[in-house]
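K.L.:
If you read the sequences in order, they're chains A and B. Count the first sequence with numbering that gives the first Met the number 0 and you get residues 0 to 297, in order. Count the second sequence with numbering that gives the first Met the number 0 and you get residues 0 to 437, in order.
Mixed in with the good hints, there may be bad ones.
Claimed, not checked - When the alpha-carbon atoms are kept at most 27 Å apart in a straight line, the in silico DSS-like pairs for lysine-lysine are as follows:
1) Lys68(B) - Lys42(A)
2) Lys185(A) - Lys42(A)
3) Lys68(B) - Lys344(B)
4) Lys243(B) - Lys242(A)
5) Lys246(B) - Lys417(B)
6) Lys75(B) - Lys233(A)
Simulated from the structure, these hints should not be mistaken for lab results. Quick caveat, the model's predicted, so the values are computed rather than measured.
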Amino acid sequence: MKSVKLSTPALLLLPAFIVLAAVIIVPLVFSLYSSFTPFRLTKPDSLWVFIGFRNYVAVLSNWEFWIAFGRTVLLLTIALNAEMFLGLGLAMLVEKATRGQRILRTMMMFPMMFSPVLVGFQFKFLFNDNVGFVNNALQSLGLTDRAIPWLIDVNLAMVSIIIAEIWSSTSVFAILILAGLMAMPKDPIEAANVDGCTPWQTFRYVIWPYITPFALIAMTIRSLDVARAYDIVKIMTDGGPAKRTELLWTLIGRTAYGDARMGMANAMAYVAILLSILFTVYFFRKLAAARQQIGAEW
Amino acid sequence: MKKLLCGVCAGVIALTLAQAGNAAELPGKFDGVTIDAKLIGGQQYEKLYERIGEWEKLTGAKVNILSKKNHFELDKEIKSDIATGSISWCVGSNHSSFAPQYPDIYTDLTPLVPAEELAAFVPNLIKASTLDGKLVMLPRAQFDVSALYYQKSLYQDEEKKTAFKAKYGYDLTPPDTWAQVTDQAEFFAAPPNFYGTQFAGKEEAINGRFYEMLVAEGGEYIDGEGKPSFNSEAGVRALDWFVKLYKDKVVPAGTTNYLWDDLGQGFASGSVALNLDWPGWATFFNDPKSSKIAGNVGVKVQPAGSSGKRTGWSGFHGFSVTESCANKEAAASLVWWLTNEDSQKLESAAGPLPSRTAVWEYNIEAAKGDAYKTEVLNAFQEASKNAFPVPPLAEWIEISNAVYPELQAAILGDKTSKEALDAAATKATEILEDAGKL
Chain A
0 MKSVKLSTPA
10 LLLLPAFIVL
20 AAVIIVPLVF
30 SLYSSFTPFR
40 LTKPDSLWVF
50 IGFRNYVAVL
60 SNWEFWIAFG
70 RTVLLLTIAL
80 NAEMFLGLGL
90 AMLVEKATRG
100 QRILRTMMMF
110 PMMFSPVLVG
120 FQFKFLFNDN
130 VGFVNNALQS
140 LGLTDRAIPW
150 LIDVNLAMVS
160 IIIAEIWSST
170 SVFAILILAG
180 LMAMPKDPIE
190 AANVDGCTPW
200 QTFRYVIWPY
210 ITPFALIAMT
220 IRSLDVARAY
230 DIVKIMTDGG
240 PAKRTELLWT
250 LIGRTAYGDA
260 RMGMANAMAY
270 VAILLSILFT
280 VYFFRKLAAA
290 RQQIGAEW
Chain B
0 MKKLLCGVCA
10 GVIALTLAQA
20 GNAAELPGKF
30 DGVTIDAKLI
40 GGQQYEKLYE
50 RIGEWEKLTG
60 AKVNILSKKN
70 HFELDKEIKS
80 DIATGSISWC
90 VGSNHSSFAP
100 QYPDIYTDLT
110 PLVPAEELAA
120 FVPNLIKAST
130 LDGKLVMLPR
140 AQFDVSALYY
150 QKSLYQDEEK
160 KTAFKAKYGY
170 DLTPPDTWAQ
180 VTDQAEFFAA
190 PPNFYGTQFA
200 GKEEAINGRF
210 YEMLVAEGGE
220 YIDGEGKPSF
230 NSEAGVRALD
240 WFVKLYKDKV
250 VPAGTTNYLW
260 DDLGQGFASG
270 SVALNLDWPG
280 WATFFNDPKS
290 SKIAGNVGVK
300 VQPAGSSGKR
310 TGWSGFHGFS
320 VTESCANKEA
330 AASLVWWLTN
340 EDSQKLESAA
350 GPLPSRTAVW
360 EYNIEAAKGD
370 AYKTEVLNAF
380 QEASKNAFPV
390 PPLAEWIEIS
400 NAVYPELQAA
410 ILGDKTSKEA
420 LDAAATKATE
430 ILEDAGKL
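Just chain A, same shape as in the assembly:
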């Protein structure tokens, strides 16, 4: 019998393939399979009952799921845009600093160093209606005499979560955009000044096209992050009260572990991944266009 002999390149690549298969492909295929079963963590035998698309039909016709989906898109849109504007402003200010720029850059990264769980606890305390800092400050300043239910009110609860998200991640944008600003050649700006451009024109037509790819990379990274938002929300409101701040992953997390319905949760997760894919494709297209505009090769 002739033994199969692998070529040297294939042999060299084999360990990488095995590792990839073990840590990515196998869990993915397994979770995809389990989304077609009524798998409950407490009933291991249910993993072998195939129910076809029943979970998917249930997810797609579940109104609560779609509300959570819509709310996640809303959070993504508001948080990403706000982070982008604030990050851009911060990066431009830091870039202008002639002294102490390194210290400023390090300070700017502080929020990124906090674990999201800690950020969640910190903002949960800040926004606590009874002993929280925000309400106490507002009451002491005489701006209000009542306890504002930040984490309860139908609009304020989402606003509080968005503020926590923005605080923790604006620096991602700031750092990437700052890298863009620092890598940018200075001659086009000088040429624009000589040609008599206003500061706004210089920014809009010279600086912005250069830094757009950096901003879009930050957008892509953060869109994946926010679409998976869990830790901060879990700590601050856990999707409540009355599902007012329920996001995709708080819902999926509760279904998977609280309710032990892993099959259903996996089906939800696969539908939710669509959201991440959509945003990633959108930003990558934008990125390609932006790079073309500044003449870089894709």
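Given chain A, put chain B in place with the hints provided.
P.N.:
Same frame as chain A, but now just chain B:
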């Protein structure tokens, strides 16, 4: 008198001999055996685990603690173990609210523990630990039922007494019914600086509070046929209690986001008049280092609902032995050791309630001379007489997760109590149907 003394002496000797007799059987000898355990972790639980070393010395066995986590985390880990078929450990911490979720993994302890030892536990707790005829755990000295804590000074203020009597037509004394709690809470409330009362507002906590209020109003959570029946008139009355207090701003605005720690800290901050809470807080509330109301705390048996029945949602921690354990006798001996009289005396000295009758008596005796401790023990002993566990359903936590957002929706005014309870009952019914129970 002499006769009486002799009787007592004889009793003591008999008791000592009986204990010595038991000690010969238990803990037993298990040289070379290693018991893997998954235990609940946390400051308040650690003291007991120091006694494991002593058990190891006596039996010659070894205990290998695989994980120490809070119950929610431990629950996830156990579920993952069940899912992957890796229940290779022997002893696990358990809880009455979680136990029905794992019907098959724990063994029946009845044949492994002497009957007279089982008889030494509070009978209700042994009953609540028995699922489908199997005694799945032995309760440790972490029995939980709530009693009513209140600020004493509010009831000594003559001005308040007069004003209250004029308004409500009866004397201002610590409340005995939930209707009185409502009156008094509304009377004391002065938001945003002072609140009449408060309640846990999410997850199993609010569902549990609603459950006990429902029982006190004469309703049933699950009827005789196993169907959810909490959307009854009694259910609406029970939920309306929470809704009214929230609407009238008698409770803190953030209460639907509060869990036990927030409530404990809130009452200790001195900004709440009445607080239905667990025994574990008793010391904390009366300690000047942690509480602004130390020295001003009163404790009373939990109030009664309109049916005359008192609230009494209870839960308790315990230890279980797995069905797959290779040495069940050794594991059961460890479980017995952790729940025996000495262990319970040690654990309950810090405040938690024991699950053995003799330890109750011992604690009350030991508290003599300490007025606060005696008041606490008496109140909780009375409270524990009214205790009842959650319905023994594997789906209890799942039903809680489906019901609590609806309770919150009613409390926040998004739905009426009836609408919310109907929606919740539909979801709970679906869960039970999916599980093949209906």
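K.L.:
Could you run down the list of hints and mark each one as holding or not?
P.N.:
Okay, the hints, checked on the actual structure:
1. Lys68(B) - Lys42(A): holds, 23 Å
2. Lys185(A) - Lys42(A): violated, 64 Å
3. Lys68(B) - Lys344(B): holds, 24 Å
4. Lys243(B) - Lys242(A): The given pair, whose Cα atoms are some 21 Å apart, holds under the 27 Å limit.
5. Lys246(B) - Lys417(B): Holds - the C-alpha atoms of Lys417(B) and Lys246(B) are around 16 Å apart, at most 27 Å.
6. Lys75(B) - Lys233(A): holds, 16 Å
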